[in-house]
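Engineer: The chain contents come next:
Number of protein chains: 4
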Amino acid sequence: MGSFRGHALPGSFFCFISLWWSMKYILKYACKKYKRTCYLGSKALFHRVEVLEGIIIVGMALSGMTWEQFVPGGPHLTLYDYEEGQWNQLLEWQHCTMYFFFGLFGVTNILCYTSCSLPVSLAKLMMSNAFFVEAFVFYNHTHGRDMLDVYVHQLLLLVIIVTGLITFIDFMRSNIILELLQPSFILLQGTWFWQIGFVLYPPSGGPAWEPTDHDNIMFVSICFCWHYMFSLIIVGLIYVFVTWLVKSKLKRACPSEVGLLKNAEREQELEEEM
Amino acid sequence: MGSFRGHALPGSFFCFISLWWSMKYILKYACKKYKRTCYLGSKALFHRVEVLEGIIIVGMALSGMTWEQFVPGGPHLTLYDYEEGQWNQLLEWQHCTMYFFFGLFGVTNILCYTSCSLPVSLAKLMMSNAFFVEAFVFYNHTHGRDMLDVYVHQLLLLVIIVTGLITFIDFMRSNIILELLQPSFILLQGTWFWQIGFVLYPPSGGPAWEPTDHDNIMFVSICFCWHYMFSLIIVGLIYVFVTWLVKSKLKRACPSEVGLLKNAEREQELEEEM
Amino acid sequence: MGSFRGHALPGSFFCFISLWWSMKYILKYACKKYKRTCYLGSKALFHRVEVLEGIIIVGMALSGMTWEQFVPGGPHLTLYDYEEGQWNQLLEWQHCTMYFFFGLFGVTNILCYTSCSLPVSLAKLMMSNAFFVEAFVFYNHTHGRDMLDVYVHQLLLLVIIVTGLITFIDFMRSNIILELLQPSFILLQGTWFWQIGFVLYPPSGGPAWEPTDHDNIMFVSICFCWHYMFSLIIVGLIYVFVTWLVKSKLKRACPSEVGLLKNAEREQELEEEM
Amino acid sequence: MGSFRGHALPGSFFCFISLWWSMKYILKYACKKYKRTCYLGSKALFHRVEVLEGIIIVGMALSGMTWEQFVPGGPHLTLYDYEEGQWNQLLEWQHCTMYFFFGLFGVTNILCYTSCSLPVSLAKLMMSNAFFVEAFVFYNHTHGRDMLDVYVHQLLLLVIIVTGLITFIDFMRSNIILELLQPSFILLQGTWFWQIGFVLYPPSGGPAWEPTDHDNIMFVSICFCWHYMFSLIIVGLIYVFVTWLVKSKLKRACPSEVGLLKNAEREQELEEEM
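So the protein lines, in turn, are chains U, A, G and Y.
Counted from 1, the first sequence has number 10 at position 10 by the numbering used here; the numbering is strictly sequential.
Counted from 1, the second sequence has number 24 at position 24 by the numbering used here; the numbering is strictly sequential.
Counted from 1, the third sequence has number 120 at position 120 by the numbering used here; the numbering is strictly sequential.
Counted from 1, the fourth sequence has number 133 at position 133 by the numbering used here; the numbering is strictly sequential.
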């Protein structure tokens, strides 16, 4: 991962998945709220989507692990170099471990939505779990590096822990707002991976930022807030877009009972969200 | 902010908003409890007040950001000074970022109470969010200062984090007592800003307090408790006043069903608050 | 407080109050469970007891504050010694502040059970509050002392924080077991105050324990567990005693519906406790 | 405990108990879900099992304490060596204290399921309590050791605290998934005890791992994730096995209403798990 591309790849992945999840959650919520009963908002479709998602995540985790192992200069599945008497490329093994837990989450997702003997919320717990393991590995990742390098990774750690916590709280008490906060933080994680790439391995080929300048640290902390701001706004815009779509476009395609609900009922519904 | 006025201004703002919020929360609670149904305690009025509040907060955030940027000697929207090859007044940019998140809370407040496709509790989450971002920025704010300076800002950080946590818990489980605890802590934050001004930049023009004396640290920690004590008592007095107002003054103006409720029912109600 | 008696006094107080509270909580619970409806288990009696408790706590807080201020060599209400240009006995002022918050809890207790416009659970929040403030003050209390001295106070801090947390969780979700855990920790706090007295100011007049010996630290940590063990067992014995009392002795005095309840119902009740 | 066997013994114990608990929890859950009403899934049987478990745990705690005290070279119940003027083998006393709290949990388990005047959830609290005390003792256990030694015990501490927290959350809000997460972490604790044995006291008789090599630390952190992965998979396999057993094998032996439930009902049930 010690390159611009090594940070841009996971960054893009997290950005993509967070955009997709925020769309899915909002669509689910809006369909439920406006009681759309056509195929597009049906439970069966959402179940199939979840299974598909699980398969994609497992696929990505597998390919990620393969890539980490068999890239030229990778560990090629040897953990201990007996000739030199030392461990063999532990950083790559750390990445494999992280991928594995995301893969486990994917497998759980598939199982939860195909077998009826598993509680659905288990998938959420495994997602929260994957983030906590990622946080644990990152915590043991930056030994002996420069101040700036450590700091940008600490901020990443902060995002990952908060994502794990929010997913765990959402697992305990399902809540649409927490559900949306989670893709916001995953988006923040994604864009922050990109930012780390730009800070430590500038793609322009110029030198990395001065690692011991306190002004850089300070700017990075502001920049982190801006990324967060940006991710909140993006998720907000998706919310507006999807709600508008469900409200206006799907009206023609699907039968809806929204007209039949009285105002009072809708308000009550609104409050019951909590 | 490095002046008495720079601390007195946000202090006054937080004091004002906390007094207003504690009045609003208690009025809402008392009206609901004594089942006043006239215009003053109606839902429609409270919704309009929330929207107005949102507009005021957005206005204050915008003017705060403008002021930070265009004050003589401010950054004037230039982030990086290419001539000198260094960042341009990052402290002011930090303050702008804080203001932005309070502005975002204001915008959410307006949207939550005007559009019916947003859950109302979102506003609370964004408030908690604004406090957490403020805490994050303050945490990266006091690098390389004196012991006393760092300590008074750490205490501020403590208040801000507790406020954020209480607002978050209140977001998860709405509860009148937590709702009132929140303006108490905002009031504490406000008066503590004033205190910081008096400690670090005495308005009398005298020298600042000796920054390395441990006795000063110790007194400051006691003083912090006294501020807290003071803010709890103020909110308590507002509670007494507003409840008395609703009970006695509004009796003539509004039809009430309080006389019709039996004692037992009221007690039960009391317990259901939890 | 820097003496054996200074630690034995608050220790005795906390021991006494915890024994009393555990009896009260268990009596309340047992009366409710076995549906005793005579005067001894009635709501009215418990309300009067709470008010009395509040008065006692306020009285103790006031006398504590007076004593700290007007003891020979005390601060006599002067905070700053203008002649010597330094703060006047801040340790005593710290203790006064702690007493004040316990007094505030007492006042709230009285108000909650006399006025019906206050939610009853407010008293619990103020209790939790008093413990958190005590923890905050203790945290700023042990600057520049010996290792052993700091360590025994850190353990005290741990108890106080846990007590505050448990009371806060109990405030959020009332639960008999948490309610009983709270007097256990208060008892632990009480006996630990005594232990601190014995460790730092041996009443036998011998020298204090060697403050830099790591074995002492280690023994103190074991001893702390034993105190906890002891307090759990004491509360358990009180539970057995009070339940037996309610079941057997009060049977003659009060009419009870316990015989009328079917076994199944009682079991269900048992599970609803959660 | 300073030997391979000293770590392998508690490790085996925790592995065994976690396997047993995961089987019990899943069996309970599956029986409830598929509404098996025969003796094997009845409440009475589970109560008897709990009492038996309690007795076993108390027995193990007692034998553990006896063994720690009366092993050749053990403290033989003398706490202070008056001749040499120093504490007598505090490490063994620490272990006794840990055993005691597990014994207390066993006693509570017995009492909760035999007496009907105790809330059943008390047993869970005492279990969480036993883990927290274990964590507290371990925290004060590794003073002045090598980096690797401290690190492997810190990881153990992490598992123990997480187990305690999960048990506490499960005590507050009973939930099958959290219930299963708990034996996963106990299994992790068990296998990690074994791992510590292999790292610090290799049974092959070779030298211990180099304690100051950062690569070892890094591998240990990866290895920890692998143990976790392994424990999750084991619990998952037990889940599959027990569910399959209840579904297919018990069908002949016990009357079941599973065939009578409509699909929709089962789905609803699934969602109510949360």
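One should not assume that every hint holds.
Just so you know, same-sequence chains aren't split out, so a pair can sit in one copy or run between any two.
Unchecked claim - Simulated pairs of lysine to any residue, SDA-like, Cα-Cα distance not exceeding 25 Å: (1) Lys33 - Val51; (2) Lys33 - Thr78; (3) Lys24 - Glu53; (4) Lys24 - Ser174; (5) Lys32 - Glu53; (6) Lys33 - Gly85; (7) Lys33 - Ser121; (8) Lys32 - Ser174; (9) Lys43 - Tyr113.
Calculated directly from the structure, the hints in this document are not laboratory data.
Please read all numbers here as calculations on a predicted model, not as lab measurements.
Engineer: Next step is simple, just say for each hint if it's right about the structure.
Structural biologist: Each hint tested on the structure:
Taking identical chains as interchangeable, the C-alpha atoms of lysine 33 and valine 51 lie at most 25 Å apart whether they share a chain (24 Å) or sit on different chains (24 Å). Within a single copy, lysine 33 and threonine 78 get their C-alpha atoms no closer than 53 Å, and across copies no closer than 45 Å, so neither meets the 25 Å cut-off. In this assembly of identical chains, the alpha carbons of lysine 24 and glutamate 53 lie at most 25 Å apart only when taken from the same copy (11 Å versus 32 Å across copies). Taking the closest pair of Cα atoms, lysine 24 and serine 174 come within 25 Å of each other only inside a single copy of the chain (15 Å); across copies the shortest separation is 27 Å, beyond that limit.
Taking identical chains as interchangeable, the C-alpha atoms of lysine 32 and glutamate 53 lie at most 25 Å apart only when both belong to the same chain, with a minimum of 21 Å there against 31 Å between chains. Taking identical chains as interchangeable, the C-alpha atoms of lysine 33 and glycine 85 are never at most 25 Å apart, the minima being 62 Å within one chain and 53 Å between chains. In this assembly of identical chains, the alpha carbons of lysine 33 and serine 121 lie at most 25 Å apart whether taken from the same copy (21 Å) or from different copies (16 Å). When the C-alpha separation of lysine 32 and serine 174 is checked against a cutoff of 25 Å, the pair qualifies both within a copy, at 14 Å, and between copies, at 23 Å.
For the homomeric pair lysine 43 and tyrosine 113, the shortest alpha-carbon distance inside one copy (11 Å) is at most 25 Å, but the shortest distance between copies (30 Å) is not.
Checked against the numbered hints above, the structure breaks hints 2, 6 and satisfies the rest.
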